[in-house]
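Undergrad: What follows is the residue order along each chain.
Protein chains: 2
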Amino acid sequence: MDSSSPQDNLISAADRDGLYRTIFSRRDVRGQFKSDPIPDAVLSRILYAAHHAPSVGFMQPWNFIIVKSKKVRQRIHDLFSLAHQEAAAMFSDEKRDLYNGLKLEGIMESPINICVTCDRERTGPVVIGRTHISTMDLYSSVCAIQNLWLAARSEGLGVGWVSILDEQKMKRILEIPDHIVPVGYLCLGYVTHFKKKPELESAGWLPRLPLENLVYFDGWDKTLPVEDSLLLKQIREDQDFPVGSVRE
Amino acid sequence: MDSSSPQDNLISAADRDGLYRTIFSRRDVRGQFKSDPIPDAVLSRILYAAHHAPSVGFMQPWNFIIVKSKKVRQRIHDLFSLAHQEAAAMFSDEKRDLYNGLKLEGIMESPINICVTCDRERTGPVVIGRTHISTMDLYSSVCAIQNLWLAARSEGLGVGWVSILDEQKMKRILEIPDHIVPVGYLCLGYVTHFKKKPELESAGWLPRLPLENLVYFDGWDKTLPVEDSLLLKQIREDQDFPVGSVRE
Chain P
1 MDSSSPQDNL
11 ISAADRDGLY
21 RTIFSRRDVR
31 GQFKSDPIPD
41 AVLSRILYAA
51 HHAPSVGFMQ
61 PWNFIIVKSK
71 KVRQRIHDLF
81 SLAHQEAAAM
91 FSDEKRDLYN
101 GLKLEGIMES
111 PINICVTCDR
121 ERTGPVVIGR
131 THISTMDLYS
141 SVCAIQNLWL
151 AARSEGLGVG
161 WVSILDEQKM
171 KRILEIPDHI
181 VPVGYLCLGY
191 VTHFKKKPEL
201 ESAGWLPRLP
211 LENLVYFDGW
221 DKTLPVEDSL
231 LLKQIREDQD
241 FPVGSVRE
Chain F
249 MDSSSPQDNL
259 ISAADRDGLY
269 RTIFSRRDVR
279 GQFKSDPIPD
289 AVLSRILYAA
299 HHAPSVGFMQ
309 PWNFIIVKSK
319 KVRQRIHDLF
329 SLAHQEAAAM
339 FSDEKRDLYN
349 GLKLEGIMES
359 PINICVTCDR
369 ERTGPVVIGR
379 THISTMDLYS
389 SVCAIQNLWL
399 AARSEGLGVG
409 WVSILDEQKM
419 KRILEIPDHI
429 VPVGYLCLGY
439 VTHFKKKPEL
449 ESAGWLPRLP
459 LENLVYFDGW
469 DKTLPVEDSL
479 LLKQIREDQD
489 FPVGSVRE
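Those protein sequences? They're chains P and F, same order as listed.
The first sequence begins at 1 in this note's numbering and counts up by one.
The second sequence begins at 249 in this note's numbering and counts up by one.
Chain P extracted, bound-state conformation (with noise of 0.2 Å):
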């Protein structure tokens, strides 16, 4: 990784560099939760972060539903059972074991779920941005959970995303409005460790993608004009960076 600078004065190469960080090491956390309570002021800046997410025509559609009651995240549990045995049953007998032997969400373990939703009529029918593509005000949620999920890494916290449930099951727990989706369902809180790779890669369930075979030019599947042929050098030359710069 170069030295250069990025070209203006907020944010320092340093900055940049740590940023980097907490994107190569932040990990979907299943299995380290901890059960010590997050303070007020380490979970309010972790919001603010997912509050400062790109939003279409700056709808802001999100809110956040913090869950900590032990019978409430039961219940979410309950659906998880139900759902994971029935996602079980879709596999391969050879990947079903596999499968089985995963363990996949921590709502119980972590001391805090968070619902993070996407009202699709806040700001009324017609939204700049979205006219055209519909599904752009549930994007925006989805980036909200990213900033958050980044956000917690930077704070030392675990973020693990729960998507084995049935969905109109949820909103009924939660009374969550027909018109809100949950976008998301979160589980949050200090962990033993991170992993130094995520855990289905550690699992040998799919390897991790070569970059380079994933970058196009100008259109699917393009072959390359030859002065970007250097871009895909460089991809190749940096295939370690990522492992590389969270090396402990």
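Worth double-checking, as some hints may not be accurate.
[To be verified] Computed cross-link-like contacts, BS3-like style, restricted to lysine-lysine with a CA-CA straight-line distance of at most 30 Å:
1) P:LYS195 x P:LYS70
2) P:LYS233 x F:LYS316
3) P:LYS222 x F:LYS316
4) F:LYS282 x F:LYS417
5) P:LYS34 x F:LYS319
6) F:LYS481 x P:LYS222
These are calculated hints, taken from the structure and not from any lab test.
Here the structure of chain P is known, so what remains is to put chain F in place on it, guided by the hints.
TA: Below, chain F alone, put in the same frame as chain P:
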């Protein structure tokens, strides 16, 4: 903001503060692009940041179509112009004048456009975590976009997300196959400056919502257990935190 340190050694308190500055000063850039080329070393880093987003079932469903061709960008710009006209007709008279005065894209002025896609068939029909919520793969590509956006900001690069487009026509221009979804079309480049606030906020289109009104407890619109009212007090106290952290 207190000076408490994150609980691991990898991310320092200074890194964390840099992340917050990056998050709070990120902007959707439309009118401030410069044509300066983006070095391959920089582009490689921000693509790696995107590639290390969370993905459901470790699918990594994204591709990155880098669009430099002026001819291709002109065709995308023509799509924007058409959709922009259609969109203007949807607003009330009062809002339409304001809408028509907004600069909403930098397709031709920025040196690079990037279309971030989602390959919904990448790892077969059954994906861990997508068995019950089918949109999770699209959300993974959105997380990649948000990582890319923050990495770009930390490199002094602006990003603008153009969503006023007919998606099907865009797919034809970029020769994107049926089963691939173009999740986001981004403009990327160095900028003359980053605005202090989102443009739609400054223009009086919509106000920033108070975060404290967006936080619920244990269910939609639910009032607070006594101990959690301290969190709302903290949120009120922190209301200038993002602004303060990006003050130059």
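Undergrad: Taking the hints in turn, state whether each one holds.
TA: Structure-based check of all given hints:
Taken as a hint, the LYS195 (chain P) and LYS70 (chain P) pair is honoured in the structure, with Cα atoms around 27 Å apart against an allowance of 30 Å. A threshold of 30 Å between alpha carbons decides the hint, and for LYS233 (chain P) with LYS316 (chain F) the separation of about 18 Å falls inside it, so the pair holds. For a cut-off of 30 Å, the pair hint linking LYS222 (chain P) to LYS316 (chain F) stands: about 12 Å separates their Cα positions. Restraint check: the Cα-Cα separation between LYS282 (chain F) and LYS417 (chain F) comes to about 28 Å, which is no more than 30 Å; the hinted pair holds.
For the hint pairing LYS34 (chain P) with LYS319 (chain F), the CA-to-CA distance comes to about 55 Å; that exceeds 30 Å, so the pair is violated. Between the alpha carbons of LYS481 (chain F) and LYS222 (chain P) the distance comes to roughly 54 Å, so the proposed pair goes past 30 Å and is violated.
Going through the hint list in order, the structure does not satisfy hints 5, 6.
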